[in-house]
Amino acid sequence: MTDKKILLALSSKSTGKGIIRFVNGFVAGDNVSIRLCILDDEPGELMAHEEILDDISSICFSKSIPLRIDHLINGNQDRLFSMAAFSDLLVVEKSVLQFLAIGHDFPANSCASIAVPEEFNSISNILLITDGSRQSIQGVKQFFQIFPKLTGNPDVNWLAIESGEKNLSSEEERLLLDYLTQYSKNVGVLKVEEPITGKLLKPIRYDDHTIVVSNINYLLSKYGEDEAFKPFFDNQSTLFFPAMTA
3 MTDKKILLAL
13 SSKSTGKGII
23 RFVNGFVAGD
33 NVSIRLCILD
43 DEPGELMAHE
53 EILDDISSIC
63 FSKSIPLRID
73 HLINGNQDRL
83 FSMAAFSDLL
93 VVEKSVLQFL
103 AIGHDFPANS
113 CASIAVPEEF
123 NSISNILLIT
133 DGSRQSIQGV
143 KQFFQIFPKL
153 TGNPDVNWLA
163 IESGEKNLSS
173 EEERLLLDYL
183 TQYSKNVGVL
193 KVEEPITGKL
203 LKPIRYDDHT
213 IVVSNINYLL
223 SKYGEDEAFK
233 PFFDNQSTLF
243 FPAMTA
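So the sequence shown is residues 3 to 248, counted in this note's numbering.
Treat the hints with care, as some may be off.
[Unchecked claim] Listed below are the simulated DSSO-like cross-link pairs for lysine-lysine, each with C-alpha atoms no more than 27 Å apart in a straight line:
id	residue 1	residue 2
1	K19	K151
2	K19	K6
3	K65	K19
4	K151	K187
5	K151	K65
6	K232	K19
7	K7	K65
8	K6	K193
9	K6	K65
10	K232	K201
11	K193	K168
12	K7	K151
13	K19	K7
14	K143	K7
[As the list claims (entries may be wrong)] Ranges between beta-carbon positions, derived for each pair:
id	residue 1	residue 2	range
15	N123	N188	18 to 26 Å
16	Y181	R207	16 to 24 Å
17	S165	E120	31 to 39 Å
18	E174	G31	28 to 36 Å
19	K193	A87	33 to 41 Å
20	K19	R207	32 to 40 Å
21	I198	G27	40 to 48 Å
22	E120	N33	24 to 32 Å
23	D180	E52	47 to 55 Å
24	E195	E52	26 to 34 Å
25	S165	S59	45 to 53 Å
26	I75	V191	43 to 51 Å
Keep in mind that the hints were calculated from the coordinates and are not lab data.
Where is the CB? At the ideal position from N, CA and C, for every residue including glycine.
Taking the hints into account, I'd like the entire structure generated from these sequences.
Take a look at the structure:
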């Protein structure tokens, strides 16, 4: 990961453990900088995060990564979203994902975002969710541009959801498969039609070593209306949302 401006966001309820492991394991290279934003309910609470600040500072020092820290008080989330517009990647803990998304234009509209669980450890499985739109395909490319070399040759599973209105052509499917084989020797495909049920998704693996790549607006809307999508948020998998383009 090179030439990246990375924005980290923690709430007062975050432990920071997942983000610290993510930074330690995946962030390195030339021209990388980190900006850490801590979202608190009240002013004067920054020292409550002393352990997290020490850990992030030590990691950045050992990797020669410039670090800037901002303390945002309740009601200042818009500042975070403005920072995201000028960042390449936003990293949040999964526990604060919906808090940030509800009632706001989520920062994923302007930069790629990743939501890591508190117990984040490593990634050995990539689950790509496409809805037939060109935008979802661009999101897949965006992920591999940010993470071109994941260690351990992770499995790639492609969940292609067909709505009947916007589906990929056979040629587009073949091209995407060819693209994925550049990054993994183990690529699996599951095509399903809406409406989605838990039974349809049963063959899909998503555990604490899985990163789910999907459009955030699509996944959040499904989370609200479809029980089959709840596990993506409720278990220990990691979520990646590409930047939204017009």
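Results for each hint:
Annotation: proposed proximity of K19 to K151 holds, straight-line Cα distance about 23 Å (limit 27 Å). Only pairs whose Cα atoms come within 27 Å are accepted, and K19 paired with K6 is accepted, the gap being roughly 22 Å. For the proposed pair K65 and K19, the alpha carbon gap of about 18 Å is at most 27 Å, so the pair holds. For the hint pairing K151 with K187, the CA-to-CA distance comes to about 13 Å; that is within 27 Å, so the pair holds.
Our distance criterion of 27 Å between C-alpha atoms is met by K151 and K65, whose separation comes to about 18 Å. In summary, the hint linking K232 to K19 is supported, as the alpha carbons are separated by about 23 Å, within the 27 Å threshold. Restraint check for K7 and K65: satisfied, since their Cα atoms lie roughly 15 Å apart, inside the 27 Å limit. For the hint pairing K6 with K193, the CA-to-CA distance comes to about 34 Å; that exceeds 27 Å, so the pair is violated.
Distance check on the hinted pair: K6 and K65 sit about 14 Å apart at the alpha-carbon level, within 27 Å; holds. For the given pair, K232 sits about 13 Å from K201 by alpha-carbon distance, which is consistent with the 27 Å threshold. Of the supplied pair hints, the one linking K193 and K168 holds, its CA atoms being roughly 14 Å apart against a limit of 27 Å. Distance restraint check for K7 and K151: the Cα-Cα separation of roughly 18 Å lies within the 27 Å cut-off, and the hinted pair is therefore satisfied.
Distance check on the hinted pair: K19 and K7 sit about 21 Å apart at the alpha-carbon level, within 27 Å; holds. Simply put, K143 and K7 have alpha-carbon atoms about 19 Å apart, close enough for the 27 Å limit, and the pair holds. Checked against the hint of 18 to 26 Å, the pair N123 and N188 passes, with Cβ atoms roughly 20 Å apart. Checked against the hint of 16 to 24 Å, the pair Y181 and R207 passes, with Cβ atoms roughly 21 Å apart.
Restraint check, S165 to E120: a C-beta distance of roughly 34 Å satisfies the suggested window 31 to 39 Å. Between E174 and G31 the Cβ separation comes to about 32 Å, which falls inside the hinted range of 28 to 36 Å. Against the hinted window of 33 to 41 Å, the Cβ-Cβ separation of K193 and A87 comes to about 35 Å, which satisfies the hint. For the hinted restraint 32 to 40 Å between K19 and R207, the CB-CB distance of approximately 24 Å leaves it violated.
Between I198 and G27 the beta carbon distance is about 32 Å. The supplied range of 40 to 48 Å is therefore violated. For E120 and N33, the Cβ-Cβ distance of about 30 Å falls inside the hinted range of 24 to 32 Å, so the restraint holds. Between D180 and E52 the Cβ separation comes to about 49 Å, which falls inside the hinted range of 47 to 55 Å. Restraint check, E195 to E52: a C-beta distance of roughly 51 Å breaks the suggested window 26 to 34 Å.
Checked against the hint of 45 to 53 Å, the C-beta distance between S165 and S59 comes to roughly 47 Å, which is consistent with it. Distance hint check: the CB atoms of I75 and V191 are about 47 Å apart, consistent with the given range 43 to 51 Å.
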